[in-house]
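**Student:** Just need the whole structure built from these sequences, with the hints factored in.
Single-letter residue listing:
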Amino acid sequence: MEILVCVKRVPDTETRIRIGDGGRSIDPSGVKYVLSPYDEFAVEAALRTKEGLGEGEVTVTTFGDDASQETLRSALAMGANRAVLLEGAATMDGLTTAKVLATEIEEMDPPLVLLGMKAADADQQQVGPMLATLLGRPCATAVAEFEVADGKVVCRREVEGGTEVLELDLPAVITVTKGAYEPRYASLKGIMAAKRKPLEKKPVDVPESALVVEALEPPPEKAAGRIVGEGPDAVAELVRLLREEARVL
Amino acid sequence: MAGAFQGIDFYDVDGLLDDEERMTRDMVREWVDDRLLPIIEEAYVERRFPTEIVPELGTLGMLGANLPEEYGCAGLNNVAYGLIMQELERGDSGIRSFASVQGALVMYPIYAFGSEAQKRDWLPRLQSGDAIGCFGLTEPDYGSNPAGMITTAQKTADGWVLNGTKMWITNGSMADVAVIWAQTGEVGDVPGIRGFLVETDTPGFSARDQKGKLSLLASDTSELHLADVEVGDAALLPESRGLKSPLMCLTQARYGIAWGAVGAAMACLDEAVRYAKERKMFDGPIGGKQIQQVRLADMLTQLTQGQLLALRLGRLKDEGTMTPQQVSLAKRANVDMACDTAREARRLLGANGILVEYASMRHMANLESVYTYEGTHDIHSLILGQALTGLSAF
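If you read the protein sequences in the order shown, they are chains P and Y. Sequential numbering from 1 applies to the first sequence in our numbering. Sequential numbering from 1 applies to the second sequence in our numbering.
These are calculated hints, taken from the structure and not from any lab test. Incorrect hints may appear among the rest.
Simulated crosslink set (BS3-like; lysine-lysine; CA at most 25 Å straight-line) [what the hints assert, rightly or not]: (1) K32(P) x K152(P); (2) K189(P) x K119(Y); (3) K289(Y) x K32(P); (4) K189(P) x K50(P); (5) K178(P) x K280(Y); (6) K189(P) x K152(P); (7) K197(P) x K32(P); (8) K32(P) x K201(P); (9) K50(P) x K222(P); (10) K277(Y) x K289(Y); (11) K222(P) x K119(Y); (12) K178(P) x K50(P).
**Tutor:** Dropping the structure here:
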């Protein structure tokens with residue numbers, strides 16, 4: 001089975017983000033970029049599905065600039081078979097990304113499309129469901145584990161207080177969250193092999209976006225913590241503060 | 001718990017690396033954070049090499065990673081190999097020592113001096129970690145002067161008989177195979193020194209753990225005894241020729257040490273900076289005090305110099321022009337730098353710096369061994385003195 005995984009290049013979650021000129025984007029200087037952690041789950045899920053079925057191919061794709069090649073190589077090093085870079089200027093608009101991906105996916109027509117539940121940078125959780133809608137395919141989001149059999153995919157989702165099981169007909173779109181798919185390390189042989197795997201660059205037409213980023217602001221400085229006392233004697237005061245001040249009890 | 005290690009890179013050394021080199025470094029860095037750092041303190045205190053990490057070192061390709069793919073290795077360039085050593089030693093010098101011995105002192109001599117059958121037999125299982133190797137050159141009375149070794153190999157009708165004692169042997173007690181260097185002629189006959197692959201279950205071969213170490217506690221350091229150890233003709237490394245052969249191995253290992261030392265220094269500086277920013281004394285973080293800032297500035301400067309030295313050495317090695325004297329300079333300078341950095345970091349950490357929860361004193365103690373092994377600091381001084389003057393001080 002052909003599996004397509006849509007991935008994104010994002011700032012390393014450990015990176016200290018600074019707002020760039022104009023306050024509408026982040027300052028990319030000194031920022032280390034990585035394959036978005038949720039997309040790593042999706043790549044891992046694709047590889048395990050392929051390995052479980054004993055056949056098929058995993059293709060990874062991303063919409064972005066030339067630098068995104070490195071992100072695709074990371075997925076190839078984990079074990080994906082080939083990569084397609086949809087070259088164009090990506091924005092914060094999830095719908096634009098979904099449209100670009102949909103055009104490509106209609107042509108490739110893979111039965112299973114996987115994405116990370118969200119990108120670790122913009123955190124919008126939009127592209128998966130929008131893509132499914134544009135393609136007219138069923139979609140399961142935030143899936144912790146799934147299994148493909150007999151033209152269907154059975155998805156397990158962790159919901160408040162329990163587990164939800166969904167069955168979707170293929171072709172389908174699934175967004176993957178933290179769950180069963182702890183990503184493997186790319187082995188050194190995998191890294192070397194990634195150099196030789198096909199990476200196709202396709203310039204794309206980017207549809208006009210109706211979304212404008214007005215402002216980006218860093219979160220306010222965290223206020224200093226307070227020590228209310230030590231040992232068992234502090235409990236009463238702590239409970240009082242949690243009730244009266246923080247109002248969480 | 002501190003966040004994932006971000007590296008120390010004041011001079012954008014990253015910008016001098018290609019994608020594969022960065023990916024290699026990032027993978028090993030993450031692996032060290034996830035798998036090694038959580039267990040290393042306990043292993044160190046228990047004086048135990050953590051054997052549980054060996055299979056993963058193998059499957060991820062970290063053993064003999066710069067040897068060719070046809071023998072199951074990753075076929076990386078020497079800069080990527082160096083970055084592996086850097087990141088492993090950021091974890092612990094004992095773990096880097098394990099990988100150095102396996103790759104540079106066991107797999108490399110088999111690759112460089114072994115028969116095709118020996119390569120096919122041993123390299124894949126050493127690469128995967130299914131077999132562990134050790135390297136026996138140093139003897140109780142022959143360390144910096146290996147030419148005088150008294151371990152002998154005497155020819156028999158269909159093989160060799162080995163006798164002697166080897167000391168300070170990393171991986172010695174857990175090894176499946178030992179690369180033993182022995183004199184096949186008269187004692188002192190330098191071209192008579194040859195290498196042998198001795199399986200450690202051969203009768204007459206025994207290893208004893210070196211007791212009483214105060215350094216490299218998470219490493220197996222042993223003494224090897226060979227008492228009438230009989231091996232077949234196939235045990236000889238056919239292309240080994242005199243003392244030059246083990247010295248070629250040491251050049252490989254020293255190359256990795258020059259990188260490893262940078263990693264240990266990075267761990268110490270990173271710890272020192274974090275601590276200096278958090279530890280409050282006299283109503284403010286100690287990092288705001290001039291005396292600690294000088295300390296940190298010195299550490300950063302030396303570390304950055306060492307980083308660039310290692311990288312340039314790696315590029316020379318990849319171009320095929322690296323000389324053993326250049327390796328001596330980098331091993332000597334970078335290990336000395338790491339020793340200084342670890343000691344200063346330990347001091348900055350005050351009383352907390354003597355605890356195992358902090359890495360600096362562990363690195364400091366380890367690096368004293370690294371300073372002494374693989375050509376002592378002093379011997380490398382003499383190699384450089386000879387390179388400059390043409391006069392041997394040995």
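**Student:** Does each hint fit the structure? Answer for all of them.
**Tutor:** To see whether the hints hold, each was checked on the structure:
1. At most 25 Å may separate the alpha-carbon atoms for a hinted pair to count; K32(P) and K152(P) exceed this at roughly 39 Å.
2. Pair hint K189(P) plus K119(Y) holds up; C-alpha atoms about 19 Å apart against a cutoff of 25 Å.
3. Between the alpha carbons of K289(Y) and K32(P) the distance comes to roughly 30 Å, so the proposed pair goes past 25 Å and is violated.
4. Annotation: proposed proximity of K189(P) to K50(P) holds, straight-line Cα distance about 19 Å (limit 25 Å).
5. Annotation: proposed proximity of K178(P) to K280(Y) is violated, straight-line Cα distance about 38 Å (limit 25 Å).
6. For the proposed pair K189(P) and K152(P), the alpha carbon gap of about 34 Å is over 25 Å, so the pair is violated.
7. Annotation: proposed proximity of K197(P) to K32(P) holds, straight-line Cα distance about 24 Å (limit 25 Å).
8. Simply put, K32(P) and K201(P) have alpha-carbon atoms about 23 Å apart, close enough for the 25 Å limit, and the pair holds.
9. The suggested pairing of K50(P) with K222(P) is violated, with an alpha-carbon distance near 45 Å, which exceeds 25 Å.
10. Taking the CA atoms of K277(Y) and K289(Y), the gap is near 10 Å; set against the 25 Å cutoff, the hint holds.
11. Restraint check: the Cα-Cα separation between K222(P) and K119(Y) comes to about 59 Å, which exceeds 25 Å; the hinted pair is violated.
12. Between the alpha carbons of K178(P) and K50(P) the distance comes to roughly 19 Å, so the proposed pair stays at or under 25 Å and holds.
Of the hints listed earlier, those the structure fails to meet are numbers 1, 3, 5, 6, 9 and 11, in rising order.
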